[in-house]
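A.B. asks: Sequence:
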Amino acid sequence: MLKEAMQSLPESSFEKQRFEMPKVVGHLQGNITVISNFRQIASALRREPEHLLKFILKELATPGSLKPKGLLIGTKVPAAKINEKIRQFAHEFVLCRECGKPDTQLTKEEDLIYLKCTACGTKYIVK
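Residue numbers (our numbering): 1 to 127.
Hints are not guaranteed to be accurate.
[To be verified] Under the rule of at most 25 Å between Cα atoms (straight-line distance), these lysine-lysine pairs were calculated in the PhoX-like manner:
| no. | residue 1 | residue 2 |
| --- | --- | --- |
| 1 | K76 | K23 |
| 2 | K81 | K127 |
| 3 | K123 | K108 |
| 4 | K101 | K67 |
| 5 | K108 | K81 |
| 6 | K69 | K58 |
In short, the hints are calculated from the structure, not lab data.
I would like the entire structure built from these sequences, with the hints used as guidance.
C.D. replies: Written as structure tokens, this is what we have:
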């Protein structure tokens, strides 16, 4: 029975690849911080840019907007602080708590949002 259960698991549950956290590329324009690779970061995390944007702006407590050329943050913010917030977002909304893999999906059931891992099958509520 154990062999049958192991065979029914997806291949991604046996892979041991390391997830590389994307780094911020940007610059300052006066008092505005411009993150030019914001959409690529959201794509690498497999999340909607708007969801990542909302999290980062709330955590930094600053205004900002998503433009075609990238993310515009209304204050000067060091890249290290933005990278820290992206890492925090990944730990809360991307990486599985059980296996640590980024193969997860956010699903909404009734009024709750769940993070479901496609690698190990774990499902739990996120805030």
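A.B. asks: State for each hint whether it applies.
C.D. replies: Going through the hints against the structure:
no. : hint        : verdict
1   : K76 - K23   : 17 Å, holds
2   : K81 - K127  : 22 Å, holds
3   : K123 - K108 : 12 Å, holds
4   : K101 - K67  : 30 Å, violated
5   : K108 - K81  : 30 Å, violated
6   : K69 - K58   : 21 Å, holds
Of the numbered hints given earlier, the model fails hints 4, 5; all others are met.
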